[in-house]
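**Student:** What follows is each chain in one-letter form.
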Amino acid sequence: MWYCNMSRITPDSKLDLLQGTLDLMVLQTLDVMGPLHGYGIARRIEQLSGNEVLLNQGTIYASLVRLQQRGWLAAEWGVSNNNRKAKFYSITKAGKRQMKRDKSQWERLAAVMGRVLAAAAEEGK
Amino acid sequence: MSALKQVCARLISLFRRAALDREFDEEAQSHLDLAVEDYVRRGTPEAEARRLARIQFGAVEASKDAHRDSRGLPWLEDCLYDLRFALRQLRRDRVFTLTAIVTLALALGLNVTVFAVMNTMLFRGYPLVQRNDRLVYIQEQYPSGTCCITYLDFEDWRAQAHSFEGMAFVGEKNISLSYGEGRSTDATAFTVSTNVFGLLGVKPALGRDFVPADEASGAEPVVILNHRFWASQFGGRPDVIGTSVLVNKAPAIVIGVMPEGFDFPTQFDVWMPYIRGAEVDRRAPEMFQAVGRLRDGASLQEARAELETINHRLETAYPATNRGVVPKMGTYSQANIGPDAPVIYGSLWMAAWFVLLIACANLANLTVARTVGRWRDFSIRMALGAGWGRMMRQIFVESLTLTSVAGVLGWWIAKWGVRAWAVETASIYQILDYTLDSGTLAYLVAISLAAAILFSLAPMGKVLQIGVNSALKSDTPGVTPGPRGKHLAAVLVAGQMALAIVLLSGAGVLVRSLMNVVSANTGVGNPENVLVGLLSFPSEKYPSPAATLGYIDRFEAKLRAIPGIGDESVASILPVGNVLGLTFEIEGRPNAPDGGEAVQFLRVGPDYFRVVEAPASSGRDFNDGDRIATLPVAIVNQSFAAKYWPREQPLGKRLRYIDRNKPAEWLTVVGVVPNIMQGDPTRRQFKPLVYQPFRQAPTRLGVNFLLRTRVPPEQVAQAVRLDIQKLDPDVILKKFSTLKASFGFDPDRMDRAHSEMGKYAAVAPIFAVMAVLLAAVGLYAVIAHSVRQRTKEIGVRMAIGAAAEDIRRMVLRAGMLPVAIGMILGLAASFAVNRILQSQLVGVSPYDPVTMAGAPVVLILVALLACQIPARRAMSVDPAVTLRHD
Numbered sequence: 001m002w003y004c005n006m007s008r009i010t011p012d013s014k015l016d017l018l019q020g021t022l023d024l025m026v027l028q029t030l031d032v033m034g035p036l037h038g039y040g041i042a043r044r045i046e047q048l049s050g051n052e053v054l055l056n057q058g059t060i061y062a063s064l065v066r067l068q069q070r071g072w073l074a075a076e077w078g079v080s081n082n083n084r085k086a087k088f089y090s091i092t093k094a095g096k097r098q099m100k101r102d103k104s105q106w107e108r109l110a111a112v113m114g115r116v117l118a119a120a121a122e123e124g125k
Numbered sequence: 001m002s003a004l005k006q007v008c009a010r011l012i013s014l015f016r017r018a019a020l021d022r023e024f025d026e027e028a029q030s031h032l033d034l035a036v037e038d039y040v041r042r043g044t045p046e047a048e049a050r051r052l053a054r055i056q057f058g059a060v061e062a063s064k065d066a067h068r069d070s071r072g073l074p075w076l077e078d079c080l081y082d083l084r085f086a087l088r089q090l091r092r093d094r095v096f097t098l099t100a101i102v103t104l105a106l107a108l109g110l111n112v113t114v115f116a117v118m119n120t121m122l123f124r125g126y127p128l129v130q131r132n133d134r135l136v137y138i139q140e141q142y143p144s145g146t147c148c149i150t151y152l153d154f155e156d157w158r159a160q161a162h163s164f165e166g167m168a169f170v171g172e173k174n175i176s177l178s179y180g181e182g183r184s185t186d187a188t189a190f191t192v193s194t195n196v197f198g199l200l201g202v203k204p205a206l207g208r209d210f211v212p213a214d215e216a217s218g219a220e221p222v223v224i225l226n227h228r229f230w231a232s233q234f235g236g237r238p239d240v241i242g243t244s245v246l247v248n249k250a251p252a253i254v255i256g257v258m259p260e261g262f263d264f265p266t267q268f269d270v271w272m273p274y275i276r277g278a279e280v281d282r283r284a285p286e287m288f289q290a291v292g293r294l295r296d297g298a299s300l301q302e303a304r305a306e307l308e309t310i311n312h313r314l315e316t317a318y319p320a321t322n323r324g325v326v327p328k329m330g331t332y333s334q335a336n337i338g339p340d341a342p343v344i345y346g347s348l349w350m351a352a353w354f355v356l357l358i359a360c361a362n363l364a365n366l367t368v369a370r371t372v373g374r375w376r377d378f379s380i381r382m383a384l385g386a387g388w389g390r391m392m393r394q395i396f397v398e399s400l401t402l403t404s405v406a407g408v409l410g411w412w413i414a415k416w417g418v419r420a421w422a423v424e425t426a427s428i429y430q431i432l433d434y435t436l437d438s439g440t441l442a443y444l445v446a447i448s449l450a451a452a453i454l455f456s457l458a459p460m461g462k463v464l465q466i467g468v469n470s471a472l473k474s475d476t477p478g479v480t481p482g483p484r485g486k487h488l489a490a491v492l493v494a495g496q497m498a499l500a501i502v503l504l505s506g507a508g509v510l511v512r513s514l515m516n517v518v519s520a521n522t523g524v525g526n527p528e529n530v531l532v533g534l535l536s537f538p539s540e541k542y543p544s545p546a547a548t549l550g551y552i553d554r555f556e557a558k559l560r561a562i563p564g565i566g567d568e569s570v571a572s573i574l575p576v577g578n579v580l581g582l583t584f585e586i587e588g589r590p591n592a593p594d595g596g597e598a599v600q601f602l603r604v605g606p607d608y609f610r611v612v613e614a615p616a617s618s619g620r621d622f623n624d625g626d627r628i629a630t631l632p633v634a635i636v637n638q639s640f641a642a643k644y645w646p647r648e649q650p651l652g653k654r655l656r657y658i659d660r661n662k663p664a665e666w667l668t669v670v671g672v673v674p675n676i677m678q679g680d681p682t683r684r685q686f687k688p689l690v691y692q693p694f695r696q697a698p699t700r701l702g703v704n705f706l707l708r709t710r711v712p713p714e715q716v717a718q719a720v721r722l723d724i725q726k727l728d729p730d731v732i733l734k735k736f737s738t739l740k741a742s743f744g745f746d747p748d749r750m751d752r753a754h755s756e757m758g759k760y761a762a763v764a765p766i767f768a769v770m771a772v773l774l775a776a777v778g779l780y781a782v783i784a785h786s787v788r789q790r791t792k793e794i795g796v797r798m799a800i801g802a803a804a805e806d807i808r809r810m811v812l813r814a815g816m817l818p819v820a821i822g823m824i825l826g827l828a829a830s831f832a833v834n835r836i837l838q839s840q841l842v843g844v845s846p847y848d849p850v851t852m853a854g855a856p857v858v859l860i861l862v863a864l865l866a867c868q869i870p871a872r873r874a875m876s877v878d879p880a881v882t883l884r885h886d
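Chains as they are written, first to last, in our numbering: chain Z, 1 to 125; chain C, 1 to 886.
Honestly, the hints are just simulated from the structure, not real lab data.
Don't be surprised by glycine CBs; every beta carbon is placed ideally from N, CA and C.
Errors might be hidden in some of the hints.
[Unchecked claim] Away from chain C, derived, C-beta distances all over 10 Å, residues of chain Z:
no. : residue
1   : 32
2   : 65
3   : 99
4   : 107
5   : 111
6   : 113
7   : 114
8   : 117
9   : 119
[Said to hold, decoys possible] Covered stretches of chain C (chain Z as the covering partner; in silico rule of three or more C-beta atoms under 8 Å from a C-beta of chain Z):
no. : region
10  : 450-464
11  : 606-612
All chains should be modelled from the sequences, with the hints used to inform the complete structure.
**Tutor:** Here you go:
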């Protein structure tokens, strides 16, 4: 118990994620794709983000359990297309509401950041 | 909502750790399988696929850890881990754990006990009463003393004072109460204004409260019963409501029973409405006291000033009765516990904190020693990456574990202590509420936490000194504590000794003061051979003084027949007791118009002065010839003669007392007797006294008897008791003891200003003894620890020629130096602290040289003893063994 929590250390090469960003990605993924297992979610995020987000696929599970505890995700053991046992996650109504809130928040922030950075770049010239 | 749900989910997950871990493992496995399958489908060989899947997944254990952190409460989990670790450590070191817990439990228990008692004495007030802090108790002070109030004055206050929401009064009355088939019992009743229970905010448990109509003249008499009286006399039957009882032979209806535990204003049996009769028009002091509830926003001072203004007006309007009559108003504590209560209970509280501080110093020393012992353990952890914070938390969790256990024990100690205090100090004149409430519990939690923080500071400071390298490099870490370590222990020891000496000298002067009171010369010869008792006569059977006197005649005849009994007499009050003084006048010396001086008038039987061995020094004793019909006579004591007739012969002079401006008949002085202590609670001076023959001025309801025995009194006590029982079973014998025993400190006999003094002086030594013992244990622990640590050094010293005596001197010097410093500081502090006690001291200076010299001697002896044991151990060190040791 004396070692520091390794999983909290993120190498510089990956994007330092804002709190909750990964959560939003997971919610969005499930909203678009429907029920999906952890591996599927991780793959999907990797594909979309070009491997910039996840340190490794295992980290997705901390996010999944947190979202589940908040009641935004539901989980159920099921069988995958090729007959493998897997835990399937789906987004709940509360999860959808939360996703909308987070999404608009994020879009506003991104827009503002974009404007500010663009302006700063203009002036810097 | 979602936050709360999440906290719940996280808490639950703590308890389902194994199941959730298993589920995670399964999920991770399924993840890997899916990934492998994916790779294989894309054409990767299976072995390579497995490798890639694993790489992609990352470290399973790290993910599992992250999973745990995000689903559970990592902080709490770490603390639980610390707790388990602490418990393991504490179980391993039993001696330390036990010492620490016992020390802390005693100190915490004592502190909480004192806090609860102080809370009760200073702030609580009557049990069950609402908003006690807004209630004030009012009496009037007359030239002869403070006792009562005049009903008409009360009416004027009630009508004119604006600072009060309401005001009620309580009078006192002895009644006889009959019920059922002629069963009769004497009961004490309070006659009250009907608003009293409403004012206090207490409703009857059974039946109804008084209503204003109950006090109208001509109203049907009603009574409300005390719960205790109802349970003992009426068997707790609820159907007693509405039944008729006889109060002094007149019927009255029982309308209610007050709740259990409710007494107001003292332990009485019955409340009944005060029905105003003709006697109140005389403006004579009758009522017992008034109780007022202050209006919101009105202060005690404003209310007092207002009453004083009203009384000034009354003085001008009714000079004959109200001259010099001043209202006396106070809170519960001021009125019932005495003016010095804040000093007494405040200083006891301070003393309890001293003891707690001493205990904390002990704990600090012990935990520092333990920390040093675990030096290597700590450094290894730090080398492995644990931060300072983690180590501090570990130490604090250990401290907290100790104080929690000690706190629980302390709570029981406090419960027991408060009960013991309540039983030991019970007085019928004080109704006190000692329940330990949630406030007390909160206090216990707070001081436990404070103690834990306090004694964790030292070991935490110690941990800060640990460098990762220092301990790992040296093979025997911390062989000798650095100068700072030794310094800290010495400072703590000196502080403990200083506190101990303050408590010791404080308790010392208080005890000496109490001894002065209890062993004061009372003027009575050989009081250990005098049996005394109080005979209480039921009023229905003994309605007149003549009936009582008849009983006394039979009583005396019967008792004198018991072999071993010598002289016998009766008295209205026993030696040392106190009665209210009466204003008096000497013939030929008319008093000034604003009244005269007051002295105590006592009524005693013939032979009284022989029983107390103070025979008349001039003139004669009272004899059987002094009866109602004969010349009224009096005997004065020497103090009276010296004060009022310094150069004259008192015999044959006449004096009389003045009762409510009406002079009584002249009494001719027939004798002068030696001084007997009477009416001075501190027993320092003999007051002027006037004795009257009992038969010329008998008291009716209670008579004290005194029997001088020729054999040890316990041999005849049983015979006396039996004879009284046989003579009339209805006459109740109370307070049966030797006269000597009755001189002991009895708060019931003391005035309010001094009644708490005895309790104070009796408990103060407990604090002092605890302080000295704890300080000694602390000193012992420090010295023993340093000897253990210096074993090698001592071995070397002995090997190069130090004698055992040198080693002993070295150990003693190390131990006694901080003791000496602490003692000097403590003595200096004592001079300041003892001054606070001045008001409580009788016949002893707060800087009493005997105490101030004795306290250090006691402390030095105890400290020497505490150092001696480790010194012995040091002397027995075998250099050969220690040097070969490692």
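**Student:** Evaluate each hint against the coordinates.
**Tutor:** These are the hints, each one checked on the structure:
1. 32: holds (20 Å)
2. 65: violated (4 Å)
3. 99: holds (14 Å)
4. 107: Consistent with the label, residue 107 (chain Z) stays out of reach of chain C, its closest Cβ about 22 Å off (over 10 Å).
5. 111: At about 27 Å from chain C, residue 111 (chain Z) clears the 10 Å cut-off, so the statement holds.
6. 113: The claim holds: residue 113 (chain Z) sits with its nearest Cβ about 27 Å from chain C, beyond 10 Å.
7. 114: Fine: 31 Å to the nearest Cβ keeps residue 114 (chain Z) off the interface.
8. 117: holds (32 Å)
9. 119: The claim stands: residue 119 (chain Z) keeps its Cβ more than 10 Å from every Cβ of chain C (closest is about 37 Å).
10. 450-464: violated (count 0)
11. 606-612: violated (count 0)
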